[in-house]
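Trainee: Here the structure of chain D is known, so what remains is to put chains L and E in place on it, guided by the hints.
One-letter residues, chain by chain:
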Amino acid sequence: MVATLTQGVLVTIIGEAFLQYRLVNLLTKFKVSGYTIIPAQGAGSHGKRMGDVAGYNTNIEIKTIVDLETTTQLLESLKPLQANHALIAFQQKVEGLFD
Amino acid sequence: MVATLTQGVLVTIIGEAFLQYRLVNLLTKFKVSGYTIIPAQGAGSHGKRMGDVAGYNTNIEIKTIVDLETTTQLLESLKPLQANHALIAFQQKVEGLFD
Amino acid sequence: MVATLTQGVLVTIIGEAFLQYRLVNLLTKFKVSGYTIIPAQGAGSHGKRMGDVAGYNTNIEIKTIVDLETTTQLLESLKPLQANHALIAFQQKVEGLFD
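Protein chains in written order, with our numbering: chain D, 1 to 99; chain L, 1 to 99; chain E, 1 to 99.
Worth flagging that the hints you see were computed from the coordinates, not collected in a lab.
Please note that the accuracy of each hint is not assured.
Each pair may be met inside one copy or between any two copies, as identical chains are not told apart.
Heads up, simulated DSSO-like pairs for lysine-lysine below, C-alpha to C-alpha not over 27 Å straight-line [unchecked claim]:
id, residue 1, residue 2
1, 79, 29
2, 63, 93
3, 31, 79
4, 93, 79
5, 79, 63
Chain D with its partners taken away, still in its complex shape (with noise of 0.2 Å):
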């Protein structure tokens, strides 16, 4: 039996690679125990600048687990990116091993 299951909400974000920087930026501004970062592809209408390009754009995606509380503040920090830039956000409540 696992006894001690932590709670946590986990929020991924999708946006272009160029953003990493900044992005990482807003994550160490939080103070997020850690996060992790995969090179992707992306297509389509997601964000209004990716919606200008044809094809396919080098994205990445940013996952970090954190409380619900910062997950609100995180996601209102990452709404004035989506003027200008292709990026989405989604959070899901997950539960498991991490700090």
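Mentor: Okay, now just chains L and E, sitting in the frame of chain D:
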């Protein structure tokens, strides 16, 4: 406070890499607003074909966020592919910042 | 209509890349029907060792879909690894097309 989180269904499709073109065509047919593709390795009995192969395969993971009705139709469209190809797909409700 | 969606638990393990062999062995021991491996970068205090390292690490993300009982046993088996390695794991209920 994030007043306006959008509700949606995250659909994740994991399959053999050579299915990428066909899967993207399918997503385009469903007029998804965007999708993300991540290269992956896989092993196991996911689907018929993957069970035949020893060791790793070159796979892709494709993610898209759609509404519940599209999810159902999309999964239904994927079912025939499972007969001959290593493919899994699953859905999760998410909320966040996306179209 | 998708009449027959399967229920399962998506287990995501994120850890240092050199743990890949050991983690795959563990999954094999649990006779999982399949798994997906994605290369990733990570940073932060996820686990003891990662906190010691400045900057990025080479990580892997391993995903598998299992039943609830296997999830519990799998997470329990991962706990000892967390003592000496940067490793997180979390579970999410999913439904879809998989064995």
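Trainee: None of the hints should be skipped; say for each whether it holds.
Mentor: A quick look at each hint next to the structure:
1. For the identical chains of this complex, residue 79 and residue 29 are intra-copy neighbours only, at 16 Å inside a copy versus 29 Å across copies, given an alpha-carbon limit of 27 Å.
2. For the homomeric pair residue 63 and residue 93, the shortest alpha-carbon distances inside one copy (13 Å) and between copies (17 Å) are both at most 27 Å.
3. In this assembly of identical chains, the alpha carbons of residue 31 and residue 79 lie at most 27 Å apart whether taken from the same copy (19 Å) or from different copies (24 Å).
4. Within a single copy, residue 93 and residue 79 get their C-alpha atoms as close as 20 Å, and across copies as close as 21 Å, so both meet the 27 Å cut-off.
5. Both within a single protomer and between protomers do residue 79 and residue 63 lie at most 27 Å apart by alpha-carbon distance, with minima of 17 Å and 21 Å respectively.
Of the numbered hints given earlier, the model fails none.
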